[in-house]
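Asks: One letter stands for each residue in the lines below.
Protein chains: 2
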Amino acid sequence: MSTSYRKTSFPVSDVRRFLEPGPIVLVSSCYKDQRNIMTMGWYTVMEFTPSLIGCMITASNHSFELIKKSKACVINIPTYDLIDTVIGIGNTSGATIDKFEAFGLTPGKSLQVKAPLIKECYANFECKVVDTKLLNKYNFFILEVVEAHVAKTPKYPETVHYRGDGVFMVSGKNINKRKLFKKSML
Amino acid sequence: MSTSYRKTSFPVSDVRRFLEPGPIVLVSSCYKDQRNIMTMGWYTVMEFTPSLIGCMITASNHSFELIKKSKACVINIPTYDLIDTVIGIGNTSGATIDKFEAFGLTPGKSLQVKAPLIKECYANFECKVVDTKLLNKYNFFILEVVEAHVAKTPKYPETVHYRGDGVFMVSGKNINKRKLFKKSML
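The listed protein sequences correspond, in order, to chains E and U. For the first sequence, full-length UniProt numbering gives the first residue as 1, with consecutive numbering after it. For the second sequence, full-length UniProt numbering gives the first residue as 1, with consecutive numbering after it.
Pulled out of the complex, with its shape left as it was, chain E reads as follows (with noise of 0.2 Å):
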């Protein structure tokens, strides 16, 4: 069973508090009567404002036409509980199956963008592409990060980073190292 995460509005600028630890996230999106999700382990922060995400889609996934042409995704983070239907959804493609049905995932109503969010997912964030010019050369997509949901507890989630190969690393302790920081580096 998937935990159920009662969310609330974040700052777009503090999403790398979740994205730059690097766990698997879960990108979904939706073009006219066509909604999919895909699992993603290519991304990486890029600026705090605008809060900028780059991501690497394949044009060969089904969701890149999606988020090409509907110019907008959420990217969604899975918690440990949710590892093999992270790994279901890399196993199937979203031009023959609806991935939200087959995994048994709520779709949630997203407020800035038409892609639907997944509710089981402890972090939602609302992305509009901002720049595809690298597009054609490397499929990355650079994102924009226009609206942020998190779950109010845990503060921190479990989450799964990917190795390759089939294997995860989890999430393990936070250590607070504030105090050895220079403040204008914090």
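None of these hints come from the bench; they were simulated from the model. Just so you know, not all the hints are guaranteed correct.
As the list claims (entries may be wrong) - Computed from the model, here is a short list of chain U residues facing chain E with C-beta under 8 Å:
(1) Val12
(2) Glu20
(3) Lys68
(4) Lys71
(5) Lys109
(6) Tyr138
(7) His161
(8) Gly164
(9) Met169
(10) Gly172
Note that beta-carbon positions come from the ideal geometry of N, C-alpha and C, so glycine has one too.
Position chain U relative to chain E; hints supplied.
Replies: Relative to chain E, chain U alone:
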């Protein structure tokens, strides 16, 4: 004290094993008589072959010019035992100190680039700059890993993942879910 690793050559197309999980890395570089080390958390794997990495390096960072001019750097993976050193490197500027000396790190000879590698790190990925199209707008370099050195043991390093605000996540257990994957997805 930091660990001393015995390293061996590693396939450049497989460096995602260590980078996709998202650890903080140390980037070493040199140009003429200057060398430097910086911390980096904003990067992503972009391709297996060629082995591409995209990364953000702020133009105000001393390393920016060294990497831009030399067209090379080394991405080094520090482990948990080096966490205070990682913070110290982030707190200081290579414009005023030599970070190898200041932090007691040992520069090692790279095989394909002039930039020194950091011996105390678990892995060293020698990189050449291959695309600077997003450099002016986003400070985004695209690098190709041309040579990789990885510790023989342990199989997976205990890495540190930055959340911002002085807080790190330490990598946890590794789980093999290979049996759940469709073969073509491995």
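Asks: All hints are to be evaluated individually against the structure, with a verdict given for each.
Replies: Do the hints match the structure? See the list:
no.	hint	in the structure
1	Val12	violated (14 Å)
2	Glu20	holds (5 Å)
3	Lys68	violated (18 Å)
4	Lys71	violated (19 Å)
5	Lys109	violated (28 Å)
6	Tyr138	holds (6 Å)
7	His161	holds (4 Å)
8	Gly164	holds (5 Å)
9	Met169	holds (5 Å)
10	Gly172	holds (3 Å)
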